[in-house]
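Visitor: One letter stands for each residue in the lines below.
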Amino acid sequence: MSPRAACRLATLGFTQVHDYVLGKVDWLARNQPVAGTDADTPTIGQHLRHEVSTARPDEPVAVLRARVATSAHRFALVTTAEGTLLGRLRAAALDDGDPDRAVSEVMEPGPSTLRPHEPAAAIKARLVEKGLTYAIVADPDGRLLGTVHPADL
Amino acid sequence: MTAIDYPQLRRLLDDGAQLVEVLPAGEYGEMHLPGAVNIPLKTLDAATTAGLERTRPVIVYCWDAL
Chain A
1 MSPRAACRLA TLGFTQVHDY VLGKVDWLAR NQPVAGTDAD TPTIGQHLRH EVSTARPDEP
61 VAVLRARVAT SAHRFALVTT AEGTLLGRLR AAALDDGDPD RAVSEVMEPG PSTLRPHEPA
121 AAIKARLVEK GLTYAIVADP DGRLLGTVHP ADL
Chain B
1 MTAIDYPQLR RLLDDGAQLV EVLPAGEYGE MHLPGAVNIP LKTLDAATTA GLERTRPVIV
61 YCWDAL
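Chains A and B, in that order, are what the protein sequence lines are.
According to our numbering, the first sequence holds residues 1 to 153 in order.
According to our numbering, the second sequence holds residues 1 to 66 in order.
The hints are simulated quantities; they were obtained by calculation from the structure and are not laboratory data.
All of these numbers come straight from a predicted model, not from anything done at the bench.
Keep in mind that the hints are not guaranteed to be accurate.
Derived list of chain A stretches under chain B, where covered just means 3 residues or more per stretch with a C-beta under 8 Å from a C-beta of chain B [stated by the list, open to error]:
#1 7-14
#2 18-24
#3 119-131
Think of the CB as a built atom: it goes at the ideal place given N, C-alpha and C, for glycine as much as any other residue.
Please build the complete structure, drawing on both the sequences and the hints.
Guide: And the structure:
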């Protein structure tokens, strides 16, 4: 729809017309604020936690293991320096893996993620139904935004 | 007309671009980007766009790329 609107504006004489092609969905998925009657609908983006340990892919497992031991969670997420999510290390991989190996060698690549605009109530129900204690939230570019936990929703 | 992504959108908004949602009024009323005005595609003409400044960039958007 927006490409047609942009063309229409051009035919009306507007010379500086831009089309934000990905639109409202992209904006919401980046956890950006909105206005309107539904703006206050609770989303998981309003309940993000940011305390989960993160690691760079070239870090030794031993270094990450020590960091996770002092954190509130028994897993860690692997990201690039820019924050793009690469993988996850669950407790078993942290505890049993060779401590001298790089995180990237033992991580679980490409963990599932949610977008921050998903409704909190529906996600809570899904997590509880599947017996999951958390979910990872990322934006459309794959950047880690945080985690959500059923008890918070 | 130029297709833009999110970083380009932010830069244009920072520079004072005008934001126009072209979805129907009901969808705009429920949820829209802050600062956006609503000119539904079906009503887009010289009269409804008279309030837009021609010297500033205009960004249009709808729900998604589909």
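Visitor: Against this structure, judge whether each hint is valid.
Guide: Consistency of the hints with the structure:
no., hint, in the structure
1, 7-14, "holds (count 7)"
2, 18-24, "holds (count 7)"
3, 119-131, "violated (count 0)"
Checked against the numbered hints above, the structure breaks only hint 3 and satisfies the rest.
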